[in-house]
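Now for the letters of each chain:
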Amino acid sequence: MTRYIAKRVLEAIPLLFIISLVLFVLMSNMGDPLATMGGRTLTRAADRLRLTRQLGLDKPVPVQYLYWLIGNDWTRVDLDGDGIAETPGTRKGLLRGDLGTSLVNRGRPVWEVIWGRLPNTLLLMLTAEIVILLGSLLIGVYSALHQYSFFDNLITAISFVGYSMPIFFIALLSMYFFSVQFKAWGLPSLPTVGMFDPQVGKTPGQVALHMILPVFSLAFISFAAYSRYIRSTMLEVLSQDYIRTARAKGLPRRDVVFVHALKNASLPIVTVVGLDLPLMLAGAVVTERIFAWPGMGRLFLDHVARGDAPVVMGILMLISVAVVFFQILTDLVYAWLDPRIRYDTGRAQGG
Amino acid sequence: MTLGGPRVDRPAEPSSLFTTDEAEAPPLTLRQLTWRRFRRHRVAIAAAITLVLLVVYAFGGGLIVTEKYANYTDTSLRLESPSSAHPFGTDTIGRDILARTVYGGQISLIIGLTAVLIETLAGVLIGAAAGFYGGRIDTLLMRFTEAVFNIPQIFLLIVMAKFFGGMIPNLTVLGRTYSGSVVVIIFIIGLTSWPYLARIVRAEFLSLKENDFVLAARATGTRNSEIILRHILPNSAAPIVVSATLGVANAILTEAYISFLGLGVQPPTATWGNMLEGAYNYVATAPWLWIFPGTLILLTVLSINFLGDGLRDALDPRSRTV
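Quick mapping for you: the protein sequence lines, in order, are chains X and S.
Heads up: the first sequence at position 321 corresponds to 321 in our numbering, and the numbers run straight through without jumps.
Position in the second sequence (from 1) plus 1000 gives the number in our numbering.
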């Protein structure tokens, strides 16, 4: 097992290297970060030049990448533009845990900027994931037990709609009904934007109230895939011999379904969840924009718009590492749950 | 695609291809077989009809209202609610929403179809090369595929939209001017969505190339390119067609997402996606701004997904995902 983990981690290194290289090249034409810096416009060309040098933007892209990756404290940089590099560099580089500093929030480390938003995104996304999992387990098991019933067909139809629904459309619809129309009908209405009402303050109750609509929207579009998946694995398991044995020896139906069948049927779900979790960080971009949720997705959009390459790069690398990490973790958890899978003897199954 | 074309040697035993009622009429071509199975899928038929209607709406509607009218702004008519003069109302600068959904539909559908063309081309080329040649080429190509696959598409799209944005000037085709961003969007959606298809094609090639008919083709001295294009590719057509169909839905959705964020197709060229940009500021005051384009997107994507599902059952009965 240790050898397998080591192998996977070693494989991940060149992968992350390629990703960072591709992204860094894409970063080089993000727009002019100086244009919006600190809200003031730099009219003097000399100021622009000086700032460009200070930020290291005057260097060619390969050199910038090198500095970003391994830092520049081993060399000297030319800050006053006289052609002689005399000032020692201060950056440590990604490999030593330094993501650089934000261009638009001068001097703030990228890690600090991201860390300020990450918990909000995690809160929203983990809640959504739990709601999706529990809901689709219920629906999936029910559909499998009552295959082709009216409810099963209805769920199939709704899940296709959910699967085809752009998240912004369900978000707008839910805002319209649960907030605008409910208010018009004199019912208690749900808040639509932000994380809490500034007049009340950031209390857990307020945050929970503001999470209802975004979580509902996220869950609605994801229920489909999950519950269909659970339904089909459940159907497969229910037709197996050991279930017949369990029934034959007179076990209560509840035990057969929820203990014997569900345990095996939920195995493949681990893979789906493991691969989806890091993507949920990404799914937040549009949702956070609509509901004005102060998370990483909005941070990403704001900093893309202002050409802040270090922050954008930091977010993208964080997500890439999360994706790779969860892939390895998923395979390990899967092997641990299902003893039939052994990675050391044969080839990895799921890849 | 080359469905009815060259002889199709599926590795599955023929008995599994025929259900009892079809067994009496043996000389059916694959195309007839597929049609028979597809016809039974009522929802897919309904979806196909809906799609035809949507295409008629977007392209036939273009014959009735002019593009000039769709882009005509009249700020004295801002945010008018639906009326007989403007059945879908007007937008924030007084343009007729009905006319814009017609021309927006054209662009959205064109983007969906052409982006999938690029996606399929890239996916098939890379998947086929990796699966057929194996070895170092396979490792290299699959590493690259994984790298693209690992960055969530929406992030990659936003960054690429920024990178290529404004690189292409406005184009005039057949007397109509399109924003250059349309080309950029088609290009980047195509270039970010191929990894999934490449994996499918690679897996198909890996198993198909071990078959006897490939050995026979090799033995008679057939060139590699011919083996790939004429012998293996037609046999993997089914999953490619299905994934391309579903890919159109995905491309339309993707365009909508990034245009919604304001990074996609730039006005005045309308798409269903960019008509929704900023609509969240008018959730309460002007719901017609987002209800009509939103419903059209949903209807289109839903129909394509049902169609793709029906196609999957008809073309490739062995693989049922859900």
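Treat the hints with care, since some could be wrong.
[Unchecked claim] Ranges between beta-carbon positions, derived for each pair:
#1 Thr203(X) <-> Thr1295(S): 52 to 62 Å
#2 Ala1203(S) <-> Asp338(X): 52 to 62 Å
#3 Asn1224(S) <-> Ala157(X): 39 to 49 Å
#4 Asn1224(S) <-> Leu21(X): 29 to 39 Å
These are calculated hints, taken from the structure and not from any lab test.
C-beta: ideal position from N, C-alpha, C; glycine also.
Against the structure, the hints come out as follows:
1. Checking the proposed 52 to 62 Å range against Thr203(X) and Thr1295(S) shows it is violated: the Cβ atoms sit about 38 Å from each other.
2. With their beta carbons about 22 Å apart, Ala1203(S) and Asp338(X) fall outside the hinted range of 52 to 62 Å.
3. Taking 39 to 49 Å as the suggested C-beta distance range, the pair Asn1224(S) and Ala157(X) conforms, at roughly 47 Å.
4. At roughly 31 Å, the beta-carbon separation of Asn1224(S) and Leu21(X) lies within the given 29 to 39 Å, and the hint holds.
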